[in-house]
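Engineer: Required output: the full structure, derived from the provided sequences and hints.
Going by the UniProt record's numbering, the sequence shown opens with residue 1, and the numbers climb by one from there.
Rather than coming from a laboratory, the hints here were simulated on the basis of the structure.
From the three backbone atoms N, C-alpha and C, an ideal C-beta is built for every residue, glycine too.
One or more hints might be untrue.
Simulated crosslink set (DSBU-like; lysine-lysine; CA at most 35 Å straight-line) [as the list claims (entries may be wrong)]:
{"no.": "1", "residue 1": "Lys53", "residue 2": "Lys99"}
{"no.": "2", "residue 1": "Lys37", "residue 2": "Lys53"}
{"no.": "3", "residue 1": "Lys53", "residue 2": "Lys263"}
{"no.": "4", "residue 1": "Lys206", "residue 2": "Lys151"}
{"no.": "5", "residue 1": "Lys28", "residue 2": "Lys99"}
{"no.": "6", "residue 1": "Lys263", "residue 2": "Lys37"}
{"no.": "7", "residue 1": "Lys151", "residue 2": "Lys53"}
{"no.": "8", "residue 1": "Lys53", "residue 2": "Lys206"}
{"no.": "9", "residue 1": "Lys206", "residue 2": "Lys263"}
{"no.": "10", "residue 1": "Lys263", "residue 2": "Lys151"}
{"no.": "11", "residue 1": "Lys28", "residue 2": "Lys53"}
Between beta-carbon pairs, the in silico distance windows are [stated by the list, open to error]:
{"no.": "12", "residue 1": "Val60", "residue 2": "Glu84", "range": "18 to 24 Å"}
{"no.": "13", "residue 1": "Ile107", "residue 2": "Asp216", "range": "48 to 54 Å"}
{"no.": "14", "residue 1": "Gln259", "residue 2": "Gly221", "range": "30 to 36 Å"}
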Amino acid sequence: MDEVDHGPMTAGETADARSESVKPEDVKRGSGVSLWKQIAETLEAEIASGARKPGARLPVEAELAERFGVNRHTVRRALSVLGERGLIEATAGRGTFVKEPPLRYPIGARTRFSEIVLASGREPHGRFLGSQVEDASVEVARELGVAPGTKVLRIDTTHEADGVPISCGSAWFVHARCQDLDLVYAATGSLTRALSTLGIIDFRRKETRLTARVADERERGLLSLAMGRSVMVVERVDVDVAGVPLQWGRSSFAADRVQLVIKP
Numbered sequence: 001m002d003e004v005d006h007g008p009m010t011a012g013e014t015a016d017a018r019s020e021s022v023k024p025e026d027v028k029r030g031s032g033v034s035l036w037k038q039i040a041e042t043l044e045a046e047i048a049s050g051a052r053k054p055g056a057r058l059p060v061e062a063e064l065a066e067r068f069g070v071n072r073h074t075v076r077r078a079l080s081v082l083g084e085r086g087l088i089e090a091t092a093g094r095g096t097f098v099k100e101p102p103l104r105y106p107i108g109a110r111t112r113f114s115e116i117v118l119a120s121g122r123e124p125h126g127r128f129l130g131s132q133v134e135d136a137s138v139e140v141a142r143e144l145g146v147a148p149g150t151k152v153l154r155i156d157t158t159h160e161a162d163g164v165p166i167s168c169g170s171a172w173f174v175h176a177r178c179q180d181l182d183l184v185y186a187a188t189g190s191l192t193r194a195l196s197t198l199g200i201i202d203f204r205r206k207e208t209r210l211t212a213r214v215a216d217e218r219e220r221g222l223l224s225l226a227m228g229r230s231v232m233v234v235e236r237v238d239v240d241v242a243g244v245p246l247q248w249g250r251s252s253f254a255a256d257r258v259q260l261v262i263k264p
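Structural biologist: In structure tokens form, the structure reads like this:
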């Protein structure tokens, strides 16, 4: 049975409803297949054929409603189904996009977000959220090899690939060694470049620890995740060329946007 849309509509949706009197080529009324299902199948076929490529932005709901001659409630249901199938993804403030394949993210002795994203053919971007000088907790002190209460610099960031949020997290540095690192990072968006201005040209990964859980409210906001979506939590210790701990960090990755690859 064809879907029938009920309930009050906004002024904009009233215009959409009037357009249903026009019979478009893409959907067939009276066919026994719901209109939203026909729309979902049409868009899915366009994605499968390559007509809509990974990363491509879909038209807004009003444009799709006009194309198919339905109201926005019908379009919204079709898009919801495609989202559940993992074919499209809505990002707050940007729109709805054909979902990119998971970013292959190797974790080895040299792990650099910008280099990994560039190698995948995407554009990396690090966003500075804030920083604070604080007393090292027992956990942070243990990871950095300093005494509890030592002044450390915490930098909070998010990272994106082609504008899609990939991870968010915090990193801690011994403040006496990395003064003004946060200011340089805020200006450059690259930790590697920021460290080089302090004379730290190279560093390597000493240890990586992985866990998984449901995203909390803050992570959902920063990563544009729906309720119930999962994150992979990556804890890392990086050391300088002399083996001295340089940073300890904890980042949450949108679980379905990355494929973590552990390299020897």
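Engineer: If a hint holds in the structure, say so; if it does not, say that too.
Structural biologist: Structure-based check of all given hints:
1. Between Lys53 and Lys99 the CA atoms are separated by roughly 9 Å; this keeps the pair inside 35 Å, and the hint holds.
2. Pair hint Lys37 plus Lys53 holds up; C-alpha atoms about 21 Å apart against a cutoff of 35 Å.
3. Between the alpha carbons of Lys53 and Lys263 the distance comes to roughly 30 Å, so the proposed pair stays at or under 35 Å and holds.
4. A C-alpha spacing of about 22 Å is found between Lys206 and Lys151, which places the hinted pair at or below 35 Å, so the restraint holds.
5. With a CA separation close to 27 Å, the supplied pair Lys28 and Lys99 stays within the 35 Å bound.
6. Of the supplied pair hints, the one linking Lys263 and Lys37 is violated, its CA atoms being roughly 43 Å apart against a limit of 35 Å.
7. Using a Cα cut-off of 35 Å, the hinted pair Lys151 and Lys53 is violated, with the two alpha carbons roughly 48 Å apart.
8. A distance of roughly 38 Å separates the Cα atoms of Lys53 and Lys206; the hinted pair therefore is violated under the 35 Å criterion.
9. With a C-alpha separation of about 12 Å, the suggested pair Lys206 and Lys263 falls inside the 35 Å cut-off, and the hint holds.
10. Distance check on the hinted pair: Lys263 and Lys151 sit about 33 Å apart at the alpha-carbon level, within 35 Å; holds.
11. Simply put, Lys28 and Lys53 have alpha-carbon atoms about 26 Å apart, close enough for the 35 Å limit, and the pair holds.
12. For Val60 and Glu84, the Cβ-Cβ distance of about 20 Å falls inside the hinted range of 18 to 24 Å, so the restraint holds.
13. Evaluation of the 48 to 54 Å hint for Ile107 and Asp216 yields a failure: the beta carbon distance comes to about 23 Å.
14. At roughly 24 Å, the beta carbons of Gln259 and Gly221 sit outside the given window of 30 to 36 Å.
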